[in-house]
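Protein chains in written order, with numbering that gives the first Met the number 0: chain A, 0 to 291; chain B, 0 to 291; chain C, 0 to 291.
Treat the hints as calculated values from the structure; they're not laboratory data.
No residue lacks a Cβ here, since even glycine has one placed at the ideal position from N, Cα and C.
Take these hints with a grain of salt, some might be off.
Chain C is nowhere near these chain A residues, computed Cβ spacing over 12 Å in every case [stated by the list, open to error]:
#1 D41
#2 H50
#3 K73
#4 K91
#5 G104
#6 G111
#7 S162
#8 L197
#9 V216
#10 E218
#11 T271
#12 E284
#13 M285
#14 Q288
#15 A291
Take a look, some chain B residues computed to stay more than 12 Å from chain C by CB distance [what the hints assert, rightly or not]:
#16 D39
#17 Q42
#18 E66
#19 K78
#20 Q89
#21 P90
#22 D98
#23 L215
#24 T226
#25 M247
#26 R248
#27 I252
#28 R256
#29 A261
#30 I263
#31 K290
Coverage of chain A stretches by chain C, computed from C-beta distances (three or more under 8 Å per stretch; other residues unrestricted) [unchecked claim]:
#32 182 to 190
#33 228 to 238
#34 241 to 247
Here is what each chain is made of, one letter per residue.
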Amino acid sequence: MALRAALRGLLSCSSHGRLCASSTSFSQRNNSSSANLKVDHDQTTGVAVMHMQSPPVNSLSLDFLTEICITLEKLEMDKGCRGLIITSSQPKVFSAGLDILEMYGKSPERCGEFWKAVQEMWLKLYGSNMVTIAAINGSSPAGGCLMSITCDYRIMADNPRYSIGLNETMLGIVAPFWFKETMVNTVGHRNTEISLELGLLYKPAEALNIGLVDQLVPEDQVLSAATQTMTKWLAIPEHARQITKSMMRKSTIEKLRSNREADIQNFVNFITKESIQKSLRMYMEMLKQKKA
Amino acid sequence: MALRAALRGLLSCSSHGRLCASSTSFSQRNNSSSANLKVDHDQTTGVAVMHMQSPPVNSLSLDFLTEICITLEKLEMDKGCRGLIITSSQPKVFSAGLDILEMYGKSPERCGEFWKAVQEMWLKLYGSNMVTIAAINGSSPAGGCLMSITCDYRIMADNPRYSIGLNETMLGIVAPFWFKETMVNTVGHRNTEISLELGLLYKPAEALNIGLVDQLVPEDQVLSAATQTMTKWLAIPEHARQITKSMMRKSTIEKLRSNREADIQNFVNFITKESIQKSLRMYMEMLKQKKA
Amino acid sequence: MALRAALRGLLSCSSHGRLCASSTSFSQRNNSSSANLKVDHDQTTGVAVMHMQSPPVNSLSLDFLTEICITLEKLEMDKGCRGLIITSSQPKVFSAGLDILEMYGKSPERCGEFWKAVQEMWLKLYGSNMVTIAAINGSSPAGGCLMSITCDYRIMADNPRYSIGLNETMLGIVAPFWFKETMVNTVGHRNTEISLELGLLYKPAEALNIGLVDQLVPEDQVLSAATQTMTKWLAIPEHARQITKSMMRKSTIEKLRSNREADIQNFVNFITKESIQKSLRMYMEMLKQKKA
Numbered sequence: 000m001a002l003r004a005a006l007r008g009l010l011s012c013s014s015h016g017r018l019c020a021s022s023t024s025f026s027q028r029n030n031s032s033s034a035n036l037k038v039d040h041d042q043t044t045g046v047a048v049m050h051m052q053s054p055p056v057n058s059l060s061l062d063f064l065t066e067i068c069i070t071l072e073k074l075e076m077d078k079g080c081r082g083l084i085i086t087s088s089q090p091k092v093f094s095a096g097l098d099i100l101e102m103y104g105k106s107p108e109r110c111g112e113f114w115k116a117v118q119e120m121w122l123k124l125y126g127s128n129m130v131t132i133a134a135i136n137g138s139s140p141a142g143g144c145l146m147s148i149t150c151d152y153r154i155m156a157d158n159p160r161y162s163i164g165l166n167e168t169m170l171g172i173v174a175p176f177w178f179k180e181t182m183v184n185t186v187g188h189r190n191t192e193i194s195l196e197l198g199l200l201y202k203p204a205e206a207l208n209i210g211l212v213d214q215l216v217p218e219d220q221v222l223s224a225a226t227q228t229m230t231k232w233l234a235i236p237e238h239a240r241q242i243t244k245s246m247m248r249k250s251t252i253e254k255l256r257s258n259r260e261a262d263i264q265n266f267v268n269f270i271t272k273e274s275i276q277k278s279l280r281m282y283m284e285m286l287k288q289k290k291a
Numbered sequence: 000m001a002l003r004a005a006l007r008g009l010l011s012c013s014s015h016g017r018l019c020a021s022s023t024s025f026s027q028r029n030n031s032s033s034a035n036l037k038v039d040h041d042q043t044t045g046v047a048v049m050h051m052q053s054p055p056v057n058s059l060s061l062d063f064l065t066e067i068c069i070t071l072e073k074l075e076m077d078k079g080c081r082g083l084i085i086t087s088s089q090p091k092v093f094s095a096g097l098d099i100l101e102m103y104g105k106s107p108e109r110c111g112e113f114w115k116a117v118q119e120m121w122l123k124l125y126g127s128n129m130v131t132i133a134a135i136n137g138s139s140p141a142g143g144c145l146m147s148i149t150c151d152y153r154i155m156a157d158n159p160r161y162s163i164g165l166n167e168t169m170l171g172i173v174a175p176f177w178f179k180e181t182m183v184n185t186v187g188h189r190n191t192e193i194s195l196e197l198g199l200l201y202k203p204a205e206a207l208n209i210g211l212v213d214q215l216v217p218e219d220q221v222l223s224a225a226t227q228t229m230t231k232w233l234a235i236p237e238h239a240r241q242i243t244k245s246m247m248r249k250s251t252i253e254k255l256r257s258n259r260e261a262d263i264q265n266f267v268n269f270i271t272k273e274s275i276q277k278s279l280r281m282y283m284e285m286l287k288q289k290k291a
Numbered sequence: 000m001a002l003r004a005a006l007r008g009l010l011s012c013s014s015h016g017r018l019c020a021s022s023t024s025f026s027q028r029n030n031s032s033s034a035n036l037k038v039d040h041d042q043t044t045g046v047a048v049m050h051m052q053s054p055p056v057n058s059l060s061l062d063f064l065t066e067i068c069i070t071l072e073k074l075e076m077d078k079g080c081r082g083l084i085i086t087s088s089q090p091k092v093f094s095a096g097l098d099i100l101e102m103y104g105k106s107p108e109r110c111g112e113f114w115k116a117v118q119e120m121w122l123k124l125y126g127s128n129m130v131t132i133a134a135i136n137g138s139s140p141a142g143g144c145l146m147s148i149t150c151d152y153r154i155m156a157d158n159p160r161y162s163i164g165l166n167e168t169m170l171g172i173v174a175p176f177w178f179k180e181t182m183v184n185t186v187g188h189r190n191t192e193i194s195l196e197l198g199l200l201y202k203p204a205e206a207l208n209i210g211l212v213d214q215l216v217p218e219d220q221v222l223s224a225a226t227q228t229m230t231k232w233l234a235i236p237e238h239a240r241q242i243t244k245s246m247m248r249k250s251t252i253e254k255l256r257s258n259r260e261a262d263i264q265n266f267v268n269f270i271t272k273e274s275i276q277k278s279l280r281m282y283m284e285m286l287k288q289k290k291a
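Start from the sequences and build out the full structure, keeping to the hints where you can.
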């Protein structure tokens with residue numbers, strides 16, 4: 000909780016503009032790590048690799064989201080960092096998505112705070128000037144899939160036990176419009192419609208087939224393939240690439256940026272309903288039984 | 000004409016909101032039928048099957064559209080009905096589409112009345128809270144294709160003598176913007192452009208290939224496959240699925256809902272032109288010669 | 000320069016409406032040619048073939064764009080011309096795209112004049128009432144690709160030495176929003192995003208695969224295949240086809256038409272930057288070295 004309290008100011012600050020001044024600088028640094036993130040920043044290539052290591056499954060709690068946002072902001076402001084690879088240090092999972100515990104039995108204020116952090120991560124990733132590549136070395140449901148589709152390119156481990164998708168509907172909750180639009184921009188309207196209505200999770204081969212990921216490689220080559228692809232992307236004239244990326248994404252980003260408060264209110268009203276709380280409780284009990 | 004007169008009030012009422020109160024209730028009913036529709040409603044599964052049986056080819060006349068709209072409204076209001084399968088009882092055809100006789104030699108008022116019913120059917124189907132599946136057991140041109148693409152899922156008989164598509168252009172008429180947007184939402188912009196400009200009809204395999212239908216099965220298994228698929232859809236948390244469906248479709252629906260009168264006027268002005276009337280006459284004569 | 004001066008009035012006139020009166024008529028003519036264009040107009044079929052013959056690689060200079068616009072306007076106004084095939088008389092290239100010399104070391108006024116002509120060509124082609132087919136018998140980068148994707152249909156020579164794509168980013172410049180939207184309307188959002196950010200050029204087989212071209216044929220059959228396809232398109236009821244085409248494209252066209260001045264200013268500000276001028280100089284030097 001201490002970390003979160005300390006970082007609140009930064010989050011609210013950065014929510015008003017893409018970047019805001021920070022007193023921290025790590026331009027001389029090669030590596031950094033916070034509780035749940037390990038960042039390897041290779042100064043010679045300008046590429047940072049962000050390893051998510053929040054046990055057991057990189058669930059996106061408010062604390063973890065806050066750490067991610069701070070790291071993203073620092074990297075974004077660091078002129079020596081031109082590319083970002085996001086991957087997982089946890090076995091078999093990229094990220095399990097939004098932490099259900101943050102949505103169950105919490106006050107409206109706390110739910111709103113949580114949702115604001117989810118928005119913030121999406122805004123930072125989808126609007127990043129860096130080249131962003133998701134090295135998806137495990138399952139990637141819901142919020143994990145969202146992180147992946149905000150990136151410029153997705154490489155997934157070709158392991159049929161893994162899956163990826165925006166499966167919120169299966170939990171009885173609803174992906175908001177900006178999850179939906181990111182998905183439409185990736186796999187088109189019809190794939191998004193059927194995928195979101197059924198809460199589908201796709202095996203790697205299926206995900207490749209509909210364009211939800213761009214490339215499959217053997218599990219032990221995900222990070223090296225991401226590094227190779229990054230080299231190719233960093234060879235592109237940078238300014239033109241950045242303006243082009245912004246042109247492709249700005250209308251979607253603007254739609255959330257100008258509706259953040261209403262979107263938070265919408266989420267809070269929905270998630271605090273008794274019926275939805277009941278759905279979440281049933282889902283958590285199902286998860287417990289699976290483990291037992 | 001008596002049926003139509005009796006139902007006019009309902010149609011105009013329902014055109015202002017999604018649902019309006021009706022004194023009729025058939026929550027205890029298992030089956031119902033009007034002149035040209037047979038509805039089998041299985042109360043245990045919550046699935047209704049609507050068989051179109053308007054000889055010879057389920058052409059969408061004003062009377063038939065009115066029947067369909069009333070049936071859809073009743074099912075929509077019936078809490079015991081959660082899924083709707085639409086299929087045909089006529090051999091070799093799902094629906095031949097809008098009845099040309101309703102567009103030829105008719106007064107502007109009558110043409111406007113007809114078009115309002117077409118709008119109403121589209122609004123009810125595309126915005127339905129039920130899971131809707133088209134069991135396409137025959138050819139499905141023009142308005143028949145429109146009915147199909149308003150559904151959540153399309154299963155077609157794998158018979159190369161059947162075809163499906165928005166082929167209005169071949170008749171010299173123009174699919175309105177909401178036909179177009181439903182098509183874009185299904186097969187994307189480029190497929191829609193080439194398909195509408197050329198008035199293309201697709202064989203089942205081609206339709207599957209561009210995503211115009213979701214699944215092909217042998218002709219005698221269309222309905223059973225639809226029933227199986229429905230079971231899968233009905234297992235999804237209902238409230239979340241409905242909100243998601245609405246999120247995917249509401250901007251398209253809103254565009255027509257807020258422009259119905261202008262869209263009617265546009266259709267009436269176009270269809271009553273002498274040149275268009277001549278096209279329709281030629282088309283009908285061609286059809287007669289084909290039969291002879 | 001004389002040609003350009005003579006034609007300035009026409010360009011500015013046509014920029015305010017789709018068509019404006021011209022005193023020239025060539026309805027009795029079978030063939031015409033200006034310095035860099037040869038037009039074969041077959042009065043019996045109503046099909047004009049526009050051969051680009053501006054050595055060495057059909058670069059789109061201000062003069063050449065002006066010639067193309069005048070020809071397009073004349074054909075558009077000629078009721079005897081219903082279809083247009085665009086092809087190249089230069090070996091191995093359809094068009095190399097916008098002439099870099101028009102963007103390097105020029106005054107802001109001149110750059111603005113050039114960009115206005117690029118806009119004009121796009122407006123005339125993308126909004127044409129004629130059936131337009133690109134017979135792509137050579138490489139077609141950048142502006143050459145733009146010309147191709149404004150057409151109703153694209154047939155490309157199946158020669159793996161040729162390529163096609165909006166590769167502006169590789170030159171350090173940025174495709175404007177209307178290039179982008181034409182591309183999205185052709186190959187979808189995700190293909191456009193990755194294609195524009197990386198400045199990709201596609202081999203014919205790859206281009207077919209993502210839908211950037213519609214058909215591949217042996218190199219010596221490009222024009223005959225285009226002629227055959229044209230026959231099919233001209234058999235479609237014309238008025239309905241034209242209205243449908245307009246419906247599919249008008250929102251994109253309107254977006255540029257109502258923002259031409261701002262778009263010109265945006266281009267001029269960008270292209271006259273010292274950093275961009277430096278990029279262009281480096282690119283031209285690279286081209287020279289390639290030749291030597």
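Outcome of the hint check:
1. Every CB of chain C lies more than 12 Å from the CB of D41(A), the least distance being 22 Å, so the non-interface label holds.
2. For H50(A), the requirement that its beta carbon stay farther than 12 Å from each beta carbon of chain C is met, with the minimum near 25 Å.
3. Distance to chain C confirms K73(A) as a non-interface residue, since its nearest Cβ pair spans about 24 Å, more than 12 Å.
4. Residue-level check passed: K91(A) sits 27 Å from the nearest beta carbon of chain C, beyond 12 Å.
5. At roughly 39 Å, the least C-beta separation between G104(A) and chain C is larger than 12 Å, which holds for a residue marked as non-interface.
6. The Cβ of G111(A) lies farther than 12 Å from every Cβ of chain C, with a closest approach of about 31 Å, so its non-interface assignment holds.
7. The non-interface label for S162(A) is consistent with chain C: the shortest C-beta to C-beta separation is roughly 20 Å, beyond 12 Å.
8. Distance check for L197(A) against chain C: the nearest CB is about 21 Å away, which clears 12 Å, and the non-interface claim stands.
9. For V216(A), the non-interface assignment is confirmed: its Cβ lies about 18 Å from the closest Cβ of chain C, beyond the 12 Å cut-off.
10. Listed as outside the interface, E218(A) is consistent with that label: its C-beta sits roughly 24 Å from the nearest C-beta of chain C, beyond the 12 Å cut-off.
11. Even its closest Cβ contact with chain C, about 34 Å, leaves T271(A) beyond 12 Å, as expected for a residue assigned away from the interface.
12. Every CB of chain C lies more than 12 Å from the CB of E284(A), the least distance being 38 Å, so the non-interface label holds.
13. For M285(A), the requirement that its beta carbon stay farther than 12 Å from each beta carbon of chain C is met, with the minimum near 34 Å.
14. No beta-carbon of chain C comes within 12 Å of the beta-carbon of Q288(A); the shortest separation is about 38 Å.
15. With a cut of 12 Å on Cβ distances, A291(A) stays outside the contact zone with chain C, its closest approach being about 41 Å.
16. A cut-off of 12 Å between C-beta atoms confirms that D39(B) is not in contact with chain C; the least separation is 38 Å.
17. With a least CB separation of 43 Å from chain C, Q42(B) remains clear of the 12 Å interface cut-off, as annotated.
18. Taking the minimum C-beta to C-beta distance to chain C, about 29 Å, the non-interface status of E66(B) holds against the 12 Å cut.
19. For K78(B), the requirement that its beta carbon stay farther than 12 Å from each beta carbon of chain C is met, with the minimum near 39 Å.
20. The Cβ of Q89(B) lies farther than 12 Å from every Cβ of chain C, with a closest approach of about 28 Å, so its non-interface assignment holds.
21. No beta-carbon of chain C is positioned within 12 Å of the beta-carbon of P90(B); the least distance is around 30 Å.
22. Listed as a non-interface residue, D98(B) keeps its Cβ farther than 12 Å from every Cβ of chain C; the least gap is roughly 19 Å.
23. Listed as outside the interface, L215(B) is consistent with that label: its C-beta sits roughly 22 Å from the nearest C-beta of chain C, beyond the 12 Å cut-off.
24. Once the 12 Å rule is applied to beta carbons, T226(B) is consistent with being away from chain C; the minimum gap is 33 Å.
25. Taking the minimum C-beta to C-beta distance to chain C, about 16 Å, the non-interface status of M247(B) holds against the 12 Å cut.
26. Chain C leaves R248(B) outside its interface by the beta-carbon criterion, the shortest separation being 18 Å against a cut-off of 12 Å.
27. With a closest Cβ-Cβ approach of about 18 Å to chain C, I252(B) is found to remain outside the 12 Å limit, as its non-interface label requires.
28. Every CB of chain C is more than 12 Å from the CB of R256(B) (nearest about 19 Å), matching its label as outside the interface.
29. A cut-off of 12 Å between C-beta atoms confirms that A261(B) is not in contact with chain C; the least separation is 14 Å.
30. Every CB of chain C lies more than 12 Å from the CB of I263(B), the least distance being 17 Å, so the non-interface label holds.
31. Against chain C, the non-interface label of K290(B) holds: every CB pair exceeds 12 Å, the least being about 22 Å.
32. With 5 residues bearing a CB less than 8 Å from a CB of chain C, the region 182 to 190 of chain A meets the requirement of three and the coverage assertion stands.
33. Closer than 8 Å: that is the beta-carbon criterion, and the region 228 to 238 of chain A has 5 residues meeting it against chain C, so the requirement of 3 holds.
34. With 5 residues carrying a beta carbon less than 8 Å from a beta carbon of chain C, the region 241 to 247 of chain A meets the three-residue requirement, and the given coverage holds.
Figure legend: structure checked against the earlier numbered hints; every hint is met.
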